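> Here are the chains, one letter per residue:
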Amino acid sequence: MRQAFIEELTLLAETNLNLFLIVGDLGYSVVEPFAERFPDRFLNAGVAEQNMTGLAAGLASCGFHVFTYSIANFPTLRCLEQIRNDVCYHNLPVTVVSVGGGMAYGNLGYSHHATEDLAVTLPLPNIRVIAPGDPFETRLATRELCKKPGPSYLRLGKAREPTIHAAIDGIKDLRTLQILQEGSDVMLVSTGGILEQVKAAAERLTQSGICAGYSSSPYLKPFDEAGLLSIALKTKIIISVEEHGVGGLSSLISETLHRNNMNTLFRCLKTQTENYKFVGSQKHLRAKHGLDEEHISSFAMTCLADLADAT
Amino acid sequence: MNYTDGQLEQKSLKLRRSVVKWIKHAGAGHTGGSLSCIDILNVLYNRILNVSPENFTSPDRDRYVQSKGHAVEALFVVLADAGFFDESDLETLCCYQSHYVGHPTRKVNGVEQNTGGLGHGLPICVGTALAGKMDAKDYRVYTLLGDGELAEGSNWEAAMSAAHYKLDNLTAVIDCNTLQIAGRTADVMNSEPLVEKWEAFGWAVRRIDGHDIAALTEALRDPLEAGKPSMVIADTVKGRGVSFMEDVGKWHHGVPNDEEFAKAMEGFDMQLAAKEGALS
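Sequences listed follow chains A and B, in order.
In terms of our numbering, the first sequence opens at residue 1 and continues consecutively.
In terms of our numbering, the second sequence opens at residue 1001 and continues consecutively.
For reference, chain A alone in the conformation it holds in the complex:
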């Protein structure tokens, strides 16, 4: 995803002369195409995220659309007040980009995991929050952010994520829930790079004779409430899947269903605080938190069995 992002940004910067990229001493082996092509619109602000974000707000107040780039929780949690006060409150065109959303930097430990970033950015004023599910969604998100600059948070996976959509042209409107497969028994709704696990889980369920669908919600703010309610009318169970703790997609879905008096069964799969003590590869950590294809599919089976018992 980070490759897709930087390729798109570099391309867009050819014609959009206001695009500016600031990195927090991270992104090497990724950002070079932009840095070499546009050295006057690139800065390494050093290991100082508060200053990087305040500085970005200052540049943005003078007409630039600034992208701040770092990994995991550094460009959000470390400088949250600068995002809140300097960027969002002023409604300035600054896009915060995090590579390694979730536990992509698994082996580096909890200090390098982004598992609370959605919960702290979603309540902020004027902000758009986007967590693409595959490289195609990443490209479209980058284009949309440049087309309509404003306070925004782009939460990316890391590298080598598979494309899940068949083609980029097949994505009609990125702002809506992306239904990749319909499912009348269960609909898995995910956000971010966990989409590949969700797809695999849906395939397992389908092989077991269950009508299982899966979808991606790249936009978390604004959230496609109408799309969710439409799903709720067509499936027995909605299960959210995200590489994030409470306060992200599961909270959005729960609130939306409740506020609209929908009684479709809803369950969520997310990270749990008691498991943050474990360190390992992203694959191992996903399994530990029940977020790999095996756990997702078995959880869906259990939910369906419980529902059958109850009715």
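No lab work stands behind these hints: they were computed from the structure.
One thing to keep in mind: the hints can contain errors.
Unchecked claim - Below are the DSSO-like pairs computed for lysine-lysine, each with C-alpha atoms no more than 30 Å apart in a straight line:
hint : chain 1 : residue 1 : chain 2 : residue 2
1    : A       : Lys148    : A       : Lys221
2    : A       : Lys147    : B       : Lys1107
3    : B       : Lys1250   : B       : Lys1228
4    : A       : Lys148    : A       : Lys172
5    : B       : Lys1197   : B       : Lys1014
6    : A       : Lys147    : A       : Lys221
7    : B       : Lys1197   : B       : Lys1250
8    : B       : Lys1133   : A       : Lys147
9    : B       : Lys1014   : B       : Lys1024
10   : B       : Lys1014   : B       : Lys1250
11   : B       : Lys1137   : A       : Lys148
12   : A       : Lys158    : A       : Lys236
13   : B       : Lys1250   : B       : Lys1024
14   : A       : Lys221    : B       : Lys1166
15   : B       : Lys1107   : A       : Lys148
16   : B       : Lys1133   : B       : Lys1166
17   : B       : Lys1263   : B       : Lys1275
18   : A       : Lys147    : A       : Lys158
19   : A       : Lys277    : A       : Lys288
20   : B       : Lys1133   : A       : Lys148
21   : B       : Lys1014   : A       : Lys147
If you're wondering where the values come from, they're calculated on a predicted model, not measured in any experiment.
Dock chain B against the given chain A, drawing on the hints supplied.
Chain B in isolation, oriented as in the chain A frame:
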């Protein structure tokens, strides 16, 4: 208008009187810190800054960001005096739905940035000054910090980067009144030695009497040194101009009672009369 030093000193007295008057009217306000920084703002808006109600939306204007946002009453009376709005607007200071609230907001004409959380102004100004360099603009960027505010680490991140980027179009001023909410800055979290610290961070530094109009003018007019950001450490007295508030920590945030207010106004009247006598 070109003011003499004496006329600006007279204006400072009037501005200080207004600060106390509006804080009394609103029933809230950061009195001590607003009174300590009046001379700095007075010199900036009446002698230094290329900013006015007429050019405030121009990309070429000078920028002033008040990082110590709590001293907003000082900023409001100075902006009103400079014609950004009618001073009678301050009748609504701190009222529900008023734009004139307890920290600077851009809803008020003349306010460059929303501030209030400490340690935000300098990083923003680094970005604004950098944009000026990139766009080959001549504007200058000024910010006002409190000495207590320097405990916020973001200031030191910004200090490092301003020098790294050689932002000689940036001038920061410390309103060094040596007091913060809980007491002496030296006791709460000592920020001294300030000159050595800022020099070590690569800034050109000058320490002056922050109530000396001529010294402020001299220090603020031009970059102190080409290729370096400028730091003006302005030694001030918290509560300046009101005898019983001067250098007393409890007036960090405080409203005079009726008796205290009358005494403060009487003090200003006497100071103004003396100043007018000296000027005539």
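> Each hint should be assessed against the structure and marked as holding or not.
Now the hints, each set against the structure:
1. Straight-line distance between C-alpha atoms of Lys148(A) and Lys221(A) comes to about 14 Å, which keeps the hinted pair within the 30 Å bound.
2. Distance hint between Lys147(A) and Lys1107(B) is fulfilled; the C-alpha atoms sit about 27 Å from each other, no more than 30 Å.
3. The hinted pair formed by Lys1250(B) and Lys1228(B) fails the criterion: a straight-line CA distance of about 37 Å is larger than 30 Å.
4. Between Lys148(A) and Lys172(A) the CA atoms are separated by roughly 17 Å; this keeps the pair inside 30 Å, and the hint holds.
5. A C-alpha spacing of about 35 Å is found between Lys1197(B) and Lys1014(B), which places the hinted pair above 30 Å, so the restraint is violated.
6. Among the hinted pairs, Lys147(A) with Lys221(A) is consistent with the structure: their alpha-carbon atoms are about 17 Å apart, no more than 30 Å.
7. Restraint check: the Cα-Cα separation between Lys1197(B) and Lys1250(B) comes to about 28 Å, which is no more than 30 Å; the hinted pair holds.
8. Distance hint between Lys1133(B) and Lys147(A) is fulfilled; the C-alpha atoms sit about 26 Å from each other, no more than 30 Å.
9. This hinted pair checks out: Lys1014(B) and Lys1024(B) have alpha carbons roughly 15 Å apart, not beyond 30 Å.
10. With a C-alpha separation of about 23 Å, the suggested pair Lys1014(B) and Lys1250(B) falls inside the 30 Å cut-off, and the hint holds.
11. Between Lys1137(B) and Lys148(A), the direct Cα distance comes to roughly 26 Å. Compliance with the 30 Å bound is thereby established for this hinted pair.
12. Straight-line distance between C-alpha atoms of Lys158(A) and Lys236(A) comes to about 33 Å, which puts the hinted pair past the 30 Å bound.
13. Under the criterion of a C-alpha separation no larger than 30 Å, the hint pairing Lys1250(B) with Lys1024(B) is consistent with the structure, at around 16 Å.
14. Our distance criterion of 30 Å between C-alpha atoms is broken by Lys221(A) and Lys1166(B), whose separation comes to about 39 Å.
15. A C-alpha spacing of about 23 Å is found between Lys1107(B) and Lys148(A), which places the hinted pair at or below 30 Å, so the restraint holds.
16. A threshold of 30 Å between alpha carbons decides the hint, and for Lys1133(B) with Lys1166(B) the separation of about 10 Å falls inside it, so the pair holds.
17. As the CA atoms of Lys1263(B) and Lys1275(B) are separated by approximately 18 Å, the hinted pair is consistent with the 30 Å bound.
18. As the CA atoms of Lys147(A) and Lys158(A) are separated by approximately 24 Å, the hinted pair is consistent with the 30 Å bound.
19. Distance restraint check for Lys277(A) and Lys288(A): the Cα-Cα separation of roughly 11 Å lies within the 30 Å cut-off, and the hinted pair is therefore satisfied.
20. Our distance criterion of 30 Å between C-alpha atoms is met by Lys1133(B) and Lys148(A), whose separation comes to about 26 Å.
21. For the given pair, Lys1014(B) sits about 50 Å from Lys147(A) by alpha-carbon distance, which is inconsistent with the 30 Å threshold.
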